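Peer 1: Sequence:
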Amino acid sequence: MRLQLLLPDYLPAYDENMLVNNQLIDAPSISVIIPVRDEAGAIANLLQEVLDKVGAIYRVQVIVVDDGSCDGTDKIVKQLAANDSRIILVRHAKRSNKSAALRTGAMIANSLWMATIDGDGENDPTDVLAMVAQIDATKVGKVGLVAGVRRHRTAGLGRLIASRIGNFVRQILLRDDCPDAACGLKVVLRPLFLAFPYFDSLHRYMPALTKCYGYETLHVLVDDRPRRVGRSKYNNSKRALVGIIDLLGVFWLLRRTTVRYYSSSKPTEYIKS
Numbered sequence: 001m002r003l004q005l006l007l008p009d010y011l012p013a014y015d016e017n018m019l020v021n022n023q024l025i026d027a028p029s030i031s032v033i034i035p036v037r038d039e040a041g042a043i044a045n046l047l048q049e050v051l052d053k054v055g056a057i058y059r060v061q062v063i064v065v066d067d068g069s070c071d072g073t074d075k076i077v078k079q080l081a082a083n084d085s086r087i088i089l090v091r092h093a094k095r096s097n098k099s100a101a102l103r104t105g106a107m108i109a110n111s112l113w114m115a116t117i118d119g120d121g122e123n124d125p126t127d128v129l130a131m132v133a134q135i136d137a138t139k140v141g142k143v144g145l146v147a148g149v150r151r152h153r154t155a156g157l158g159r160l161i162a163s164r165i166g167n168f169v170r171q172i173l174l175r176d177d178c179p180d181a182a183c184g185l186k187v188v189l190r191p192l193f194l195a196f197p198y199f200d201s202l203h204r205y206m207p208a209l210t211k212c213y214g215y216e217t218l219h220v221l222v223d224d225r226p227r228r229v230g231r232s233k234y235n236n237s238k239r240a241l242v243g244i245i246d247l248l249g250v251f252w253l254l255r256r257t258t259v260r261y262y263s264s265s266k267p268t269e270y271i272k273s
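The UniProt record's numbering numbers the first residue of the sequence shown as 1 and each following residue consecutively.
Below, computed lysine to any residue pairings styled on SDA-like, alpha-carbon distance capped at 25 Å:
1) Lys53 with Lys139
2) Lys53 with Asp84
3) Lys53 with Leu89
4) Lys142 with Leu202
5) Lys53 with Arg190
6) Lys53 with Asn83
7) Lys78 with Gly68
Keep in mind that the hints were calculated from the coordinates and are not lab data.
Bear in mind that the values here come from a model prediction, so they are computed numbers and not experimental data.
Just need the whole structure built from these sequences, with the hints factored in.
Peer 2: Written out as structure tokens, the structure is:
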């Protein structure tokens, strides 16, 4: 059985803040959540890409959640939002984490489905279109999550090795059939995401929770672009230690959850974007 979600009585058919022209009045709406911290050099170009690419097909709402930036990222977004009502800036009062930023964005979003994308510019917003195309953005069905799987990884050797080891161990314990849980590109049913129990590394375990709550996950191959400005916020050793603790916690959580799987079939192929 699938988890019965509490859905709104209606979804807005029209929101003038999500339109760039009248041709999109009947288009599905998508909320794009972008968590950022000290990405002043990348955020402006990324926002323009999202609006130009996703906003050309869908009624888009772009929610930038600033998680304690010190480099003026929030000021850049605020200025852009003043000229485009599709952009919404939210700033955490104190530094939290990526999962907290995603949850903040999800609580503000007004679309049935939401896309998540990292704020460093490594994710290509064009891939969001291929991911949303796998579902009906106006309905709730069997699929609860469309997860990106990065091809041609551009990360350093240390991050790549750590990622592969983490994916291997996670698969043994959680059996979530996800080859790249750390990819920031995801399209998720928003009420389902809000039904997940919150913890600091929630974003890494969305495939496992989606499966546990009775919904299917689709995997789409996406591009991984090199970071052009700024630097990574991750430390491999610290990340590994926290990851082990989180993994054991999620393993316990899934064993204690009463909602059973909708499907346990392992995906045999990826969808190419």
